[in-house]
Structure formats: C-alpha cells, structure tokens
Amino acid sequence: DVKVTQSSRYLVKRTGEKVFLECVQDMDHENMFWYRQDPGLGLRLIYFSYDVKMKEKGDIPEGYSVSREKKERFSLILESASTNQTSMYLCASSLAPGLGSFFYEQYFGPGTRLTVT
Amino acid sequence: QQPVQSPQAVILREGEDAVINCSSSKALYSVHWYRQKHGEAPVFLMILLKGGEQKGHDKISASFNEKKQQSSLYLTASQLSYSGTYFCGTGSNYQLIWGAGTKLIIKP
Numbered sequence: 001d002v003k004v005t006q007s008s009r010y011l012v013k014r015t016g017e018k019v020f021l022e023c024v025q026d027m028d029h030e031n032m033f034w035y036r037q038d039p040g041l042g043l044r045l046i047y048f049s050y051d052v053k054m055k056e057k058g059d060i061p062e063g064y065s066v067s068r069e070k071k072e073r074f075s076l077i078l079e080s081a082s083t084n085q086t087s088m089y090l091c092a093s094s095l096a097p098g099l100g101s102f103f104y105e106q107y108f109g110p111g112t113r114l115t116v117t
Numbered sequence: 001q002q003p004v005q006s007p008q009a010v011i012l013r014e015g016e017d018a019v020i021n022c023s024s025s026k027a028l029y030s031v032h033w034y035r036q037k038h039g040e041a042p043v044f045l046m047i048l049l050k051g052g053e054q055k056g057h058d059k060i061s062a063s064f065n066e067k068k069q070q071s072s073l074y075l076t077a078s079q080l081s082y083s084g085t086y087f088c089g090t091g092s093n094y095q096l097i098w099g100a101g102t103k104l105i106i107k108p
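One line per chain: the protein sequences are A and B, in this order. No gaps in the numbering here: position 105 of the first sequence is 105 in our numbering, and each next residue is one more. No gaps in the numbering here: position 67 of the second sequence is 67 in our numbering, and each next residue is one more.
Derived by calculation from the structure, the hints in this document are not laboratory data. Backbone N, C-alpha and C fix where the C-beta goes; we use that ideal spot for every residue, glycine too. One or more of the hints may lead you astray.
Stated by the list, open to error - Pairs of lysine to aspartate or glutamate residues, derived as EDC-like cross-links and limited to a Cα-Cα distance of at most 20 Å, are as follows:
(1) A/K3 x B/E16
(2) B/K103 x A/D38
(3) A/K53 x A/D38
(4) B/K37 x A/D38
(5) A/K3 x A/E22
(6) B/K26 x A/D59
(7) A/K55 x A/D38
(8) A/K18 x A/E30
(9) A/K3 x A/D26
(10) A/K3 x A/D38
(11) A/K57 x A/D26
(12) A/K55 x A/E22
(13) A/K53 x A/E17
(14) A/K70 x A/E56
(15) A/K18 x A/E69
(16) A/K71 x A/E30
(17) B/K59 x A/E105
(18) B/K50 x A/E69
(19) B/K37 x A/E105
(20) A/K13 x A/D51
Unchecked claim - Using C-beta positions, here's what the derived DEER-type ranges look like:
(21) B/L12 x A/L41: 22 to 28 Å
(22) A/A96 x B/Y74: 25 to 31 Å
(23) A/M88 x B/L12: 23 to 29 Å
What the hints assert, rightly or not - A few chain A positions that, by computed beta-carbon distances, are all more than 10 Å from chain B:
(24) V4
(25) S8
(26) E22
(27) L41
(28) L45
(29) G63
(30) N84
(31) L90
(32) F108
Just need the whole structure built from these sequences, with the hints factored in.
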C-alpha cells in the first residue's frame, strides 16, 4: 500500500515563527501536493511538485514556499506564520508527471492541524 | 473555478440510497471522487474519465456527463461505513479543483 506520512498531526506555533511541515511518500510517485483544508471550502492547492526541485504554484501560494530535494520528500514552509494560516494541511502524492496527473488517484497523508496563536 | 456539489449535507437511514452531484462551469477531462471520515485523510473512491472509462470502487457507482459538465455519485443500500464527507475533484490541466464537499450521515 502507498503510504504518505506527515511529520506532525498537531502543531501550535506563534505568529511570526517559521514553520516547516514535512511529507514523505514511499511509492516513488512523481507528483506531490500540498493542500489546506478549511470548513466549507474543500481542499485548496497551495503548491505541487512534479519532479525533484520542480514546483508549481497552486491557487493559494501566498505566504508559503516549498522544497523538494528528494523524490520522496516534499516540505511546506510558512515563512512567517500568521493566524489566518491556522488550518488543516494535507499532503498527497500521485503517479504520473505533468499533464497526466489528473488521470491518477491521489494518496493523502493523515494531515497536520496547525494552530497559529 | 470550484465545482459545485449538491446537496451540502444529507442524512439517511441504513439501507437507503443517496446521490451526490458535482457540477463544473469548465470542460472536464476527468472527475475524481473521494471520501473523508472525520479526523482522517481523504480516500480515493473513483475516477471517471472523458470518453467513458471508469476506475474505482465495486460498491459505488458514478456517472459522468461530459456535455453537461457534471458527475453524480450513487451510493445504493447505504451502510454505516459510508458516513463521511464526499469530495469531487475535477481534472483540468495539471491539477484537481475540489468541491466544498457533501456531508453524508447514515443512521442505523
């Protein structure tokens, strides 16, 4: 089975702190995604990566950056955490690079619930 | 633009049927369906592809009307385990655009 793991289930940070969220997948998937999930809004894409060191902005990239130094690991960075970044953050991975990605299912990690105070 | 899911929520008795709809204002290449139980990650159910190919679940079916740009998920003889929030994701270019979700509650 595909396994996607995230470094923390719950995280509490202070405003202005730099926050790192880590995601690791064990199935050699090309694509990796970072979403945030808020009630009533569904899943919104922050960034995705289709290869090592490659990244593309999603719908809401402001205030976030990402890093993919190894194929299995995709990190989300909040440069200076703010209270409006309090949310559930979900990482996902899927087969197939680039334009073929919407043909393949995404596998999700358990999520990190981040609270910024 | 985010696809619209309907209804927003539905409560059923065990054994009843449910239909969840997903409509998009954009042309669709694929529609994905996922279920998320409270406190858990979304889990893949089904993909419907333009041209009629379907990949996914044995006990859940779905339709994809390309002309109307909509999909429907059919849950027949619902079980308690079907409870959760159902999300559709519409495939366009390199990413999925997700609906806001439909909360399904199954009561014994």
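How the hints compare with the structure:
no. : hint                      : result
1   : A/K3 x B/E16              : 33 Å, violated
2   : B/K103 x A/D38            : 14 Å, holds
3   : A/K53 x A/D38             : 28 Å, violated
4   : B/K37 x A/D38             : 15 Å, holds
5   : A/K3 x A/E22              : 14 Å, holds
6   : B/K26 x A/D59             : 16 Å, holds
7   : A/K55 x A/D38             : 23 Å, violated
8   : A/K18 x A/E30             : 27 Å, violated
9   : A/K3 x A/D26              : 6 Å, holds
10  : A/K3 x A/D38              : 23 Å, violated
11  : A/K57 x A/D26             : 24 Å, violated
12  : A/K55 x A/E22             : 15 Å, holds
13  : A/K53 x A/E17             : 25 Å, violated
14  : A/K70 x A/E56             : 16 Å, holds
15  : A/K18 x A/E69             : 19 Å, holds
16  : A/K71 x A/E30             : 7 Å, holds
17  : B/K59 x A/E105            : 18 Å, holds
18  : B/K50 x A/E69             : 35 Å, violated
19  : B/K37 x A/E105            : 18 Å, holds
20  : A/K13 x A/D51             : 30 Å, violated
21  : B/L12 x A/L41: 22 to 28 Å : 25 Å, holds
22  : A/A96 x B/Y74: 25 to 31 Å : 27 Å, holds
23  : A/M88 x B/L12: 23 to 29 Å : 26 Å, holds
24  : V4                        : 8 Å, violated
25  : S8                        : 14 Å, holds
26  : E22                       : 16 Å, holds
27  : L41                       : 6 Å, violated
28  : L45                       : 6 Å, violated
29  : G63                       : 19 Å, holds
30  : N84                       : 19 Å, holds
31  : L90                       : 7 Å, violated
32  : F108                      : 4 Å, violated
Of the numbered hints listed earlier, those contradicted by the structure are 1, 3, 7, 8, 10, 11, 13, 18, 20, 24, 27, 28, 31 and 32.
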